[in-house]
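Novice: Residue-level listing of the chains:
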Amino acid sequence: MNALPPAKGQVIGHSVTRLEDGPLVRGQGRFAADVNFPRQIFMRVVRAQIAHGHLIAINTEAARALPGVIAVWTHADVASIPPIPFRATRLQGLEPYCQPILAAGRVRYAGEPVAVVFAENPYLAEDAADLVLAEIEELPVLLDARLPPAEFAPGTSTEPAIVRKQFGDVDAAFATAFDVVALDLSVGRHSGVPLECRGAIARYDAAHDVLELHGTAKKQHWNRDEIARLLGLRPHGVHLFEGHVGGGFGVRGELYPEDLLVCLAALRLGRPVKWIEDRREHMVATNHSREQHHSLRAAIDAQGRLLAIDAVFHHDQGAYVRTHGARVADLTAAMLPGPYRLHAYRVAGHFRLTNKTPAATYRAPGRFESTFVRERLMDAIAARIGVDPIELRRRNLLASADMPHARQLDALGTDVVLDSGDYAGLLDKSLARFGWDALQAELRARRAAGELVGAGIGFFVEKSGLGPSDGVRISVDRTGAVELVSGAASVGQGVETVLAQICAETLTVDYRAIRVVRGRTDRIEFGNGAHASRVTVMSGSATHLAALEIRAMALATAAPLLQAQPDELTLARGHVVRIAAPETDLMSLAEVAAHMGPGSPLMIGRTPGLTAERWFYSDHMTYPYGVHLAVVRIDRGTGEIRVERYLVANDIGRAVNPMLVEGQIAGGVAQGLGGALFEEFRYDEAGQPLSTTFADYLIPTLAEMPALDVLVAEDAPSPLNPLGVKGAGEGGINGVGAAIASAVDDALRKPGAITTLPILPRQVHAMLPR
Amino acid sequence: MKPPDFTYHAPETLEQALSLLASLDNARLLAGGQSLMPMLTMRFAFPDHVIDLNRVAGLAGITQTGDTLRIGAMTRQRDLLDHPFVQQKIPLLAQALALIGHRQTRNRGTIGGSLCHLDPAAELVSVMTALGATIEIAGPNGPRDVAMADFPLGYMTPSLAPDELVTAVHLPVPPPGHGASFLEFSRRHGDFAIVSAAVMLTRHSSGHLADAVITLGGVGPVPLRLAKAEALLAGQTPTPDLFTQAACLAREIDAMEDAQIPAWYRRRLAESLTRRALTAAHQSLPGAA
Amino acid sequence: MTQHHSITLHLNGTAHAVSVEPRHTLVDVIREGCGATGTHTGCEHGVCGSCTVLLDGEPIRACLMFAIQADGRQIRTVEGLAHGTILHRLQQAFIDHHALQCGYCTPGFLMLAAGLLEADPNISDDALQDGLSANLCRCTGYVNILRAVRAVAAELRA
Ligand code: FES
Ligand code: FES
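So the sequence lines, in the order shown, correspond to chains A, B and C.
If you read the first sequence in our numbering, its first letter stands for residue 49, the second for the next number, and so on.
If you read the second sequence in our numbering, its first letter stands for residue 27, the second for the next number, and so on.
If you read the third sequence in our numbering, its first letter stands for residue 1440, the second for the next number, and so on.
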């Protein structure tokens, strides 16, 4: 493995301000809606108003007759385009459940695209869409994944697959257990809901035979390849551009029907086509997530140590299988054991379709859910055998000596091997930082004075840095300007800054002078995008490798010119210097680059340019971990839950920029708070969505935020990459549901009271002692 | 989410506004727009004509004469909230106004607009009922007045003919030395209340309660006076037990029910908020501990 | 038949003569008619505050007003905060305190904060928190937004 840079370098490990911020605070960002092209037209999607039914007819005449309307399409117009595919999954047989880009004969959720209208402006497009009438013969709706599967289409069931994983002898463990603890738990349907809705702007440049798609995010290269395949184009003739992205959180940047529709329209109609999702569409069209119902049993010994877990869950996928396949169910099954020693485990995840908006990943997919479930279980075991919940966890945590720990499970197609960690150590640190013991005394006093207050804990293990590979190309031009081109994407996390910091560390240049290019398929041939907290690990490591190569090239080029050996030289302040006389700048990177240009006598017969592309490969993920601690107060009169204090302790191996890590965690906590207490996509009994505005889908505001403390730990660097980093994107949200449920139980003085998320005031009110 | 097409009218006098209202079919009045605009962008409303009241002279403004306050219908919520007389003399109104939406919406939202929209959970609807306001209405046959208590005919249905509009609200200034509290419960800060309680108390020099007004918002289609509790309180010595007893009567009210909020929970909220508002109003009486 | 009206919006001190339909919202005309795309929309129904601009100095939600109603009025947007290369102190504070991630909510928060602080440079911390809870941010958890605005408020008080 290549040299590990120092833990805190010149730039790495520092909370420097972001490269991204300048244009964003000036209002000069380029978000999807800000992209405009001359002669563009606007697309509007007509969506099913019925949750399930046969599509009998679609009357488009009135819409077509409206002046300014250019075209109206239904499925018949796009029947040649295959449905949206999914990325790798080990499960077989999901193909029949993929979503057609316009409903084909049957609608399966309220909000499903049934037609599209193209018009001269967005107001007109909406007028015309209102005139399209879909005649639908209603069918019975299936809205609960726990109910027996029904027919999806003739010959296929609404249960395409069951995700099964197992290790150890579960039955034997239950047969000899001291006791068995059983629970039924549910997590509600909520999702990423970024503040910017989706958008897609396509144009076909006939002069160069290139189809451009703007407004993309997250997975540009995969999306480009699929768009090209589905539309029958060559990938080199399709370019995807990522501008600014107003939040991703898993949902943005997947390939959706609308992306293909704008591309197809740009090709067919010969004008740029712009589609901007509105908020009410977003709430029914963009991926939902999280909804799962869990039943689990744990076999324990007399000390409350886990012997085995036998888990069943029902995953409510919604109406179609989208790009992630069964990824969330897979991750739930794989990550459920978390940080605890477990001898035997069996899980069956029923992956089921319902008549709701399709679901997929949302920040910490499968972990927010499984942490809630597992930590509820740990609290229940503690209550059963009568020990303190913290002590119970200590008895079960894997020890540092157990690391690396192979789980005998796979997730996302790789074996789960917990790479490093000092779980008990972080628990101690968190409790000390939170003042846990003093807090208990304070809570007792407040309870004695009549308050309903409690504290809770959630311990989590995350996963990050999904492989298999990522590449970065760095080049230095003859002015000394450094450009870094990455196949990564940015959804607002600060990717540019982090990569620039890593690059600057090795090249000893000012990180602010590095231009970072990402999210563009025309600038780099391959890329894996930004998801699953992978960018810092994968692209960060690739950046480090590429920067090391640039450094080596620069020194090798400079050495003969300076009559030195390369190993007598190093870089400082962006210059080649002698190790023996580091204060004297000998040759700038600009000069080195000039010597390496085409036509330079040094480069005859060689590929010119101070340019290096390096790839980082990883076949295992890294596993960050952490602790969430919460204090809540319940209002006796209303059942309202106020989270008063909150701590997230998160070991991410190495923080390239602690300020950005803390920012990620704080944002995650707010979203977790939403899922724990406020946010839910609700449906009525006919499958009509009830949470379609920001007045119904309750995103927390500043007023709902607790006093938050963040402890970023670097005790367990990952041995799997040269930087020692693990991802920091998801630890902030992972344990929130678990910790708040635990704290509400404690405040109610009723262990096990909370079994569902979100926890609603009226439910809590009904549990209050009278 | 783009509003449907309509014809726009911007009258500059009340007469022009009334004549437009009388002559146009399917017209909507646009006041502050904080309720109408979302209904238009969501295409819940399809007016052929929008009559913008924002340029009509004389509809905004606050004047105090004797012991009444006249608030022009187009007065912004923010301006009423910042009015020194309201801050000093009508604390119930000041408290309620501070709970309406957020700064940006109060800067546009008007008194008349909110009252005519008549959302059952709207703070202004409830507080104006509690304060015994009178609604001044103009129509083709001249002005008329309606007591706020009689203004709502039913769920979001004001007592207004299609050719009438609200021009002002008249408020009797509550007696000096009264106690007041406006409390509400909403899921998030700034959201529409699920239930609100408005309480005003006056006290005899003897220390007994003279008069109590308790108005609940959000429990039914229109604000509800908790008359039984008011009767229970009148003439009594205020004690925590008395307030608990009075609040308990909220358990008997006829409360609305919807998918999110069952009736029992609305009643419980009404009870808790009433008890707290009574306590707070009592504490705000001069000389109270 | 759709009417078109010629109006003038005074945006950040510059008069923009634009032709609008009455139904065009102020935020759409600021963005499309005046080309100032710094002001964003997150909901178009008056909840998220992304579209916050200052109308005659006071923060409002530009999705809850028709452009035609702003004819002749003074509007300030995020583009008007900086003086050339010199950032407004709120902009600088947002950078220094990492008060933005994706930056989508940022223009709305900046204009809201500017409106609150201009109206009351001595604003209490409670009033500041109350005021800032009007807008949604999905990325930051608000912690650093509050920090940044508090820092500016403290500078103003000093
Ligand atoms: S876009 Fe105006 S408040 Fe959300
Ligand atoms: S920074 Fe992304 S919404 Fe606030």
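Worth flagging that the hints you see were computed from the coordinates, not collected in a lab.
Please note: incorrect hints may appear among the correct ones.
Derived, one-sided and incomplete: chain C residues facing chain B with beta-carbon distance under 8 Å [said to hold, decoys possible]:
hint, residue
1, S1458
2, P1461
3, G1570
Far from chain B, by Cβ distances over 10 Å, these chain C residues were calculated [unchecked claim]:
hint, residue
4, T1441
5, P1498
6, G1519
7, A1521
8, T1524
9, R1528
10, S1572
Glycine included, every Cβ here is placed at the ideal spot set by N, Cα and C.
Novice: Over 10 Å to the closest beta carbon of chain B is the bar; see if G1519(C) clears it.
Specialist: 17 Å, holds
Novice: Could you let me know if the closest chain B CB is still more than 10 Å away from the CB of T1441(C)?
Specialist: Nearest chain B Cβ is 6 Å from T1441(C), so the label is violated.
Novice: Hey, does the G1570(C) contact hint survive, CB to chain B under 8 Å?
Specialist: Since the shortest Cβ distance to chain B is 5 Å, the answer is holds.
Novice: Please settle this one: T1524(C) was flagged as non-interface, so is its CB more than 10 Å from every CB on chain B?
Specialist: For T1524(C), whose nearest Cβ neighbour in chain B is about 30 Å away, the distance exceeds 10 Å, so it holds.
Novice: Are all C-beta atoms of chain B more than 10 Å from that of R1528(C)?
Specialist: About 20 Å separates R1528(C) from the closest Cβ of chain B, which puts it past 10 Å; holds.
Novice: Taking the closest Cβ pair, is S1458(C) under 8 Å from chain B?
Specialist: 14 Å, violated
Novice: Would the hint on P1461(C) stand, with a C-beta cut-off of 8 Å toward chain B?
Specialist: Hint on P1461(C): holds, closest Cβ of chain B at ~3 Å, below 8 Å.
Novice: Just double-check A1521(C) for me: nearest Cβ-Cβ distance to chain B has to come out over 10 Å.
Specialist: 22 Å, holds
Novice: Are all beta-carbon distances from P1498(C) to chain B longer than 10 Å?
Specialist: 5 Å, violated
Novice: Looking at S1572(C) again, its CB stays over 10 Å from all of chain B?
Specialist: 5 Å, violated
Hint violations for this structure: numbers 1, 4, 5, 10, all remaining hints satisfied.
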